[in-house]
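Peer 1: Residue numbers (the working numbering), protein chains in the order written: chain A, 1 to 84; chain B, 1 to 84.
Warning: the hint list may mix true and false statements.
The list makes no distinction among identical chains, and a pair is therefore deemed to hold if it is satisfied within one copy or across any two copies.
Taking lysine-lysine and the DSSO-like style, the derived pairs with C-alpha atoms no more than 30 Å apart in a straight line are [said to hold, decoys possible]:
{"no.": "1", "residue 1": "K29", "residue 2": "K16"}
{"no.": "2", "residue 1": "K16", "residue 2": "K46"}
{"no.": "3", "residue 1": "K46", "residue 2": "K29"}
{"no.": "4", "residue 1": "K37", "residue 2": "K8"}
{"no.": "5", "residue 1": "K29", "residue 2": "K8"}
{"no.": "6", "residue 1": "K64", "residue 2": "K37"}
{"no.": "7", "residue 1": "K64", "residue 2": "K29"}
Worth flagging that the hints you see were computed from the coordinates, not collected in a lab.
2 protein chains.
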Amino acid sequence: MFVYSIMKFRVEIRYKEGVEDPEAVTILKNFNILGYKGIRDVRTSKVYYIDADDRDEVSEITSKILANPVIHTYTIEAIEGSSH
Amino acid sequence: MFVYSIMKFRVEIRYKEGVEDPEAVTILKNFNILGYKGIRDVRTSKVYYIDADDRDEVSEITSKILANPVIHTYTIEAIEGSSH
Chain A
1 MFVYSIMKFR
11 VEIRYKEGVE
21 DPEAVTILKN
31 FNILGYKGIR
41 DVRTSKVYYI
51 DADDRDEVSE
61 ITSKILANPV
71 IHTYTIEAIE
81 GSSH
Chain B
1 MFVYSIMKFR
11 VEIRYKEGVE
21 DPEAVTILKN
31 FNILGYKGIR
41 DVRTSKVYYI
51 DADDRDEVSE
61 ITSKILANPV
71 IHTYTIEAIE
81 GSSH
């Protein structure tokens, strides 16, 4: 019996240390203007939940398409398998 | 001695079940066009790492500014404290 399984991955893409995060800078400024003085720092990241046949394609699309190797770092986590 | 502590929070904002994720739809279509046939589904979310004096302001900025209650759900997690 052939079990066809789809894996679930969680890809998180963040700005490298030292690279300015424009959205975070803007948000932090606005929070202070709006009176939220207790917000000290903000950093953002993007997460993609991807269902795929195998990890190799997820790694390739992450390094080639989703992440910009010059400014981003990323992690790829298998979160839990599910079969059809 | 007064210890002034800043807390670290992780806010994740996702589309509600049944609400279309435009970015994810576009990405998935492009992956298939580019030949990545093993990618079955994509969903996106936005993560904010926030350093703040307390949780209340983080909850308020999340529900009032960062998330749109009509289309988003969100989670707020204290990740680890640090003091100055």
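Peer 1: Check each numbered hint against the structure and report the violated ones by number, ascending.
Peer 2: none
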